[in-house]
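Asks: Chains as they are written, first to last, in the working numbering: chain A, 287 to 498; chain B, 287 to 498; chain C, 287 to 498; chain D, 287 to 498; chain E, 287 to 498; chain F, 287 to 498.
I should point out that these hints are in silico values taken from the structure, not numbers from a laboratory.
Incorrect hints may have been included.
Just so you know, same-sequence chains aren't split out, so a pair can sit in one copy or run between any two.
[To be verified] SDA-like cross-link-like pairs, simulated, lysine to any residue; straight-line CA separation at most 20 Å:
hint : residue 1 : residue 2
1    : 418       : 434
2    : 372       : 424
3    : 365       : 349
4    : 418       : 486
5    : 372       : 454
6    : 365       : 331
7    : 372       : 350
8    : 365       : 335
9    : 365       : 351
10   : 418       : 308
11   : 365       : 353
12   : 418       : 437
13   : 418       : 313
14   : 418       : 444
Protein chains: 6
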Amino acid sequence: MATRSGTGGLALLQSGGMTQTPISRFPVPAREELPDDLAERFDAVEERAGFLPNIFAALAWRPDEARAFFAMHDAVMDKDTPGLSKADRELIVVATSAANDCLYCVVAHGAVARIRARDPYIADQVAVDWRKAPLSPRMHAVLTVATRLAADPAAVTAADLDVLTGHGLTQDDVWDVGMITSFFALSNRLAHFAALVPNAEFYSMGRTVREQ
Amino acid sequence: MATRSGTGGLALLQSGGMTQTPISRFPVPAREELPDDLAERFDAVEERAGFLPNIFAALAWRPDEARAFFAMHDAVMDKDTPGLSKADRELIVVATSAANDCLYCVVAHGAVARIRARDPYIADQVAVDWRKAPLSPRMHAVLTVATRLAADPAAVTAADLDVLTGHGLTQDDVWDVGMITSFFALSNRLAHFAALVPNAEFYSMGRTVREQ
Amino acid sequence: MATRSGTGGLALLQSGGMTQTPISRFPVPAREELPDDLAERFDAVEERAGFLPNIFAALAWRPDEARAFFAMHDAVMDKDTPGLSKADRELIVVATSAANDCLYCVVAHGAVARIRARDPYIADQVAVDWRKAPLSPRMHAVLTVATRLAADPAAVTAADLDVLTGHGLTQDDVWDVGMITSFFALSNRLAHFAALVPNAEFYSMGRTVREQ
Amino acid sequence: MATRSGTGGLALLQSGGMTQTPISRFPVPAREELPDDLAERFDAVEERAGFLPNIFAALAWRPDEARAFFAMHDAVMDKDTPGLSKADRELIVVATSAANDCLYCVVAHGAVARIRARDPYIADQVAVDWRKAPLSPRMHAVLTVATRLAADPAAVTAADLDVLTGHGLTQDDVWDVGMITSFFALSNRLAHFAALVPNAEFYSMGRTVREQ
Amino acid sequence: MATRSGTGGLALLQSGGMTQTPISRFPVPAREELPDDLAERFDAVEERAGFLPNIFAALAWRPDEARAFFAMHDAVMDKDTPGLSKADRELIVVATSAANDCLYCVVAHGAVARIRARDPYIADQVAVDWRKAPLSPRMHAVLTVATRLAADPAAVTAADLDVLTGHGLTQDDVWDVGMITSFFALSNRLAHFAALVPNAEFYSMGRTVREQ
Amino acid sequence: MATRSGTGGLALLQSGGMTQTPISRFPVPAREELPDDLAERFDAVEERAGFLPNIFAALAWRPDEARAFFAMHDAVMDKDTPGLSKADRELIVVATSAANDCLYCVVAHGAVARIRARDPYIADQVAVDWRKAPLSPRMHAVLTVATRLAADPAAVTAADLDVLTGHGLTQDDVWDVGMITSFFALSNRLAHFAALVPNAEFYSMGRTVREQ
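The following block holds chain A by itself, in its conformation from the complex:
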């Protein structure tokens, strides 16, 4: 877990075998400098996960943007519908973030995807070659549209959305496919811009069957 330096300094990742690299190119405030609402939220996340994902620390110097970012994230990711489970949502993140070569999002959301899907292989399979991954026809269609929206947004047509409805997604689910992909288009770019480093913990989470 990251220990962060004092006032406005760059935080260094403290981690056994990993080179010490700052977690962001921008300032990472100490926890005690945070506005109360963010400090409370960060404490709660850390208690639940066992560590604070670096995206929280990296956004903290911009409290308004941090609040909006997490609100948008939760609105589309903390949902489980028959047409789009939590695991499915994580796999959209993995597939589109891999298309953008975003290490933080692939590693962090790959970990969550392995746990949500109770499958130690699926995250790597989707990150490297989702087209041949062992997915349902529904999820194959979802990732077809999501990766098209990520890479060539003008190419998405009304027919693409109809295909999703044909696989049983509701209008809300279809919107979620679009909004998750759009939100991680933002996240991937911000992570690249700030050179955001994934926490060491994410790499090995969910890699054995009994963990799940």
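Mind docking chains B, C, D, E and F on chain A? Use the hints.
Replies: Leaving out everything else, chains B, C, D, E and F in the frame of chain A:
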């Protein structure tokens, strides 16, 4: 200005010479159905601008996402710094949205850019070929980094950010370049996914010198 | 309108709010230096349009190429057939020139397209995202083939041409789609190479309904 | 050499080992149907070359465009300057046409390039991989700019043109680099659109040293 | 580990949490059907690794190609030089195979890279975004050239090779960079063509520090 | 034919009209320095062909890789089946090598293809624009899959392979399409990396009908 149909129906654009097209592929709620905070915000925007930009109407069926979206927008766009004026911020939107072929963002933010920059030509110049547009070396560098982040995010390096600092941008300004570009990577994709239609008013705003 | 400097010098654009930029990277001869046939042609164009489009001035130092260029232009653009109206022809220019990021062609032919189509919105809609523009199925097919020929010419097949015939284009119309696209592949590149600047007048032409 | 069918029919290529394929997807008029000026021109070309290159036959059904096309061609190709010889001009055509996968232009102008350069290897070397072809630094710079203009015209900068001047090209030569590339952007697309077939004779011309 | 079906049938992957998928689209012979030299080699590999990597099983139906493939592999991968360690060689495989979206090569050679480099993070870092991975300047240069050769081979220049020599690689090391990249251009394509599935064991190998 | 310099020096191409260029960026050993098995093989090739193709000379400094390379080559190229003749195999090489801009492979295998197919035009037709080349539907399908595998390997699907079977290819033939393409993905990259120069003899082989 858009008149919107009843409960959750698709709104049609009402506009002189333009084909009637729904403003979104998703439901557009009537104003009286909106939560109070959004209704108030929409009224205020409409009063100031003379019409309600369609992005507001199109996001309204998802109030939490609408709130987060506008909060993020305002945090990075409603700012005027020596290193990055409001007009400069609009031009980042125009250049990166044009790279994504996003009609709504190019037309709406192009209108704002013409007015902010008091220049009836600059939005089209930046949208079609920002590289030869009559910009300062500072803004040329800003758009070089922003369009790279938009199109090939993994290619942005620490050296790119240093170039911006070398042109007088503060660390906050540099982050803003990254966050504006990232936020409109989201907006462009959402607009394509929903087939968001620009209001007719935007096309001609700011096109004569005396308007400004 | 451009006033041009003396013998073989670079002409400067004289225009209210616009930075003075030479209209071309190559010499722009004074009107009195032109061969008689070109001078007459330029006078006629200027009288009809109210100003001389900069492409005329920029080509004038190469009289033989100028003559061939305008002859080719007129042969495919000054035509109105049931399958391909003058407005349709301008929209082919707008769509393919936008794919090539050519400011001069998008702005100048966008203006003509607005006027020919009596539609103040269509040029921007086609320039930024022709795929979602409110076009007839026939024109959607025409632009599908034209933009393919512009961007990836080896990918055009006999089946593409048959689709156009299926939409009612004659063999002559089909050829015109190909030749217009090919001719503006030339024009776009020449405009980029010479850094040709559009006349200020073009930007606002045809933007109000009553103008049409 | 092509023998052409009667009134407005498709001409078939008559050639030893080659499958009979129409030389164009569009009508090819018989010689006696041509306007006098074109017929005379075609006779002269055929007498000099020993056969009539198919581009002449394929354009003949559109006399005005044919005249403009050949006028433009001759204005930039029939020139020999210290900075840009006739062989150099042909190599610009070969390199940019190969980038566009244009069989007619690569084969026909490759043949002319071998003869003009008195080098049986250079056309294939430039067509397949001009970057490692045994060229002078001047011609390497010329092809760098020409292939950039062919493939990504907005990326050409004033600095690119200055590099050419630095290698001894005059302002006229620099323009010619741009115009030759632009003209063959037209030709390549027209050849693809019409599925123009090269004459069999071109394939083997200039392949032995003594021929030159 | 894979258990393979009888005579020339498709083998199924037997593995706890993973969907049963054939390891190849082509026949996988039973061990007893193999020529003696291959059977001995496979036994030795299996004894050393604890399981037989699926690439062996998938190539076995083509004994001559299998022999050549493994001979080429060993000639460039089983080497440890001051300029290019075994771990470095594996990272070339990971970076270039990731550029080709090859699941088998990224997962199998990622596992070997983690073990060789005694670093549980480096394989994912290099696979997803080698440009920001914590690598030495030497290895950054090596991967710059290797990924260029993988993706755009004509763009590699003599200067690229000189950069490698400048980082201390011998002429043999430089060749190895080229041959490893070229050999895995073959392997990646063959793995995609046969839909080769990685063994389940590879995913978790080398992911904890004490394993190393 | 190449004469090679002494111990480990760079060999120069000796050829009438061609600039003297080393045949490789890496050492080319003299014939008397070769291991006996390679020396015998090279003598046999030279006697049969009349000259030693430069790929042999360029690989000789790495005897193990040379042996594996030629073994793999012969396993997939020296075969003639009803579904995939020797000429067909050469055309796969020409089409995919042209997609990689590989001069050596296009020129050398183009020569062999002309001779095997007894067609002086087919190699250039396939190299420049295989999509419009006069090929059977079977070979058109083969090249569709092969060029896809060469350029975008993750895009090849099981359905692509089924198309080949539908054209009468056996399972062995289908594998050969994949392996030939994969092997020349290796060869093309190695040839670019070493800047391998084709022998002058290849350019004119098989260009007249009577030669065949």
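Asks: Each hint needs a verdict: does it hold in this structure or not?
Replies: Structure-based check of all given hints:
Taking the shortest alpha-carbon separations for residue 418 and residue 434, both the intra-copy value of 16 Å and the inter-copy value of 16 Å come in at or below 20 Å. Proximity of residue 372 and residue 424 under a CA criterion of 20 Å is satisfied intra-copy only: 15 Å inside one chain copy versus 42 Å between copies. In the homo-oligomer, the alpha carbons of residue 365 and residue 349 lie at most 20 Å apart only across protomers (15 Å), although the nearest pairing inside one protomer, at 25 Å, exceeds that limit. For the homomeric pair residue 418 and residue 486, the shortest alpha-carbon distance between copies (16 Å) is at most 20 Å, but the shortest distance inside one copy (28 Å) is not.
Within a single copy, residue 372 and residue 454 get their C-alpha atoms as close as 16 Å, which meets the 20 Å cut-off; across copies the closest is 44 Å, which misses it. Taking identical chains as interchangeable, the C-alpha atoms of residue 365 and residue 331 lie at most 20 Å apart only when both belong to the same chain, with a minimum of 17 Å there against 31 Å between chains. In this homomeric assembly, residue 372 and residue 350 come within 20 Å of each other (Cα to Cα) only across copies, at 18 Å, whereas the closest approach inside a single copy is 26 Å. Proximity of residue 365 and residue 335 under a CA criterion of 20 Å is satisfied intra-copy only: 18 Å inside one chain copy versus 36 Å between copies.
For the identical chains of this complex, residue 365 and residue 351 are inter-copy neighbours only, at 13 Å across copies versus 22 Å inside a copy, given an alpha-carbon limit of 20 Å. Taking the closest pair of Cα atoms, residue 418 and residue 308 come within 20 Å of each other only across two copies (12 Å); inside a single copy the shortest separation is 36 Å, beyond that limit. In this assembly of identical chains, the alpha carbons of residue 365 and residue 353 lie at most 20 Å apart whether taken from the same copy (19 Å) or from different copies (18 Å). Taking the shortest alpha-carbon separations for residue 418 and residue 437, both the intra-copy value of 19 Å and the inter-copy value of 18 Å come in at or below 20 Å.
For a Cα distance limit of 20 Å, the shortest separation of residue 418 from residue 313 across copies, 19 Å, qualifies, whereas the shortest one inside one copy, 41 Å, does not. In this homomeric assembly, residue 418 and residue 444 come within 20 Å of each other (Cα to Cα) only across copies, at 10 Å, whereas the closest approach inside a single copy is 25 Å.
Checked against the numbered hints above, the structure violates none of them.
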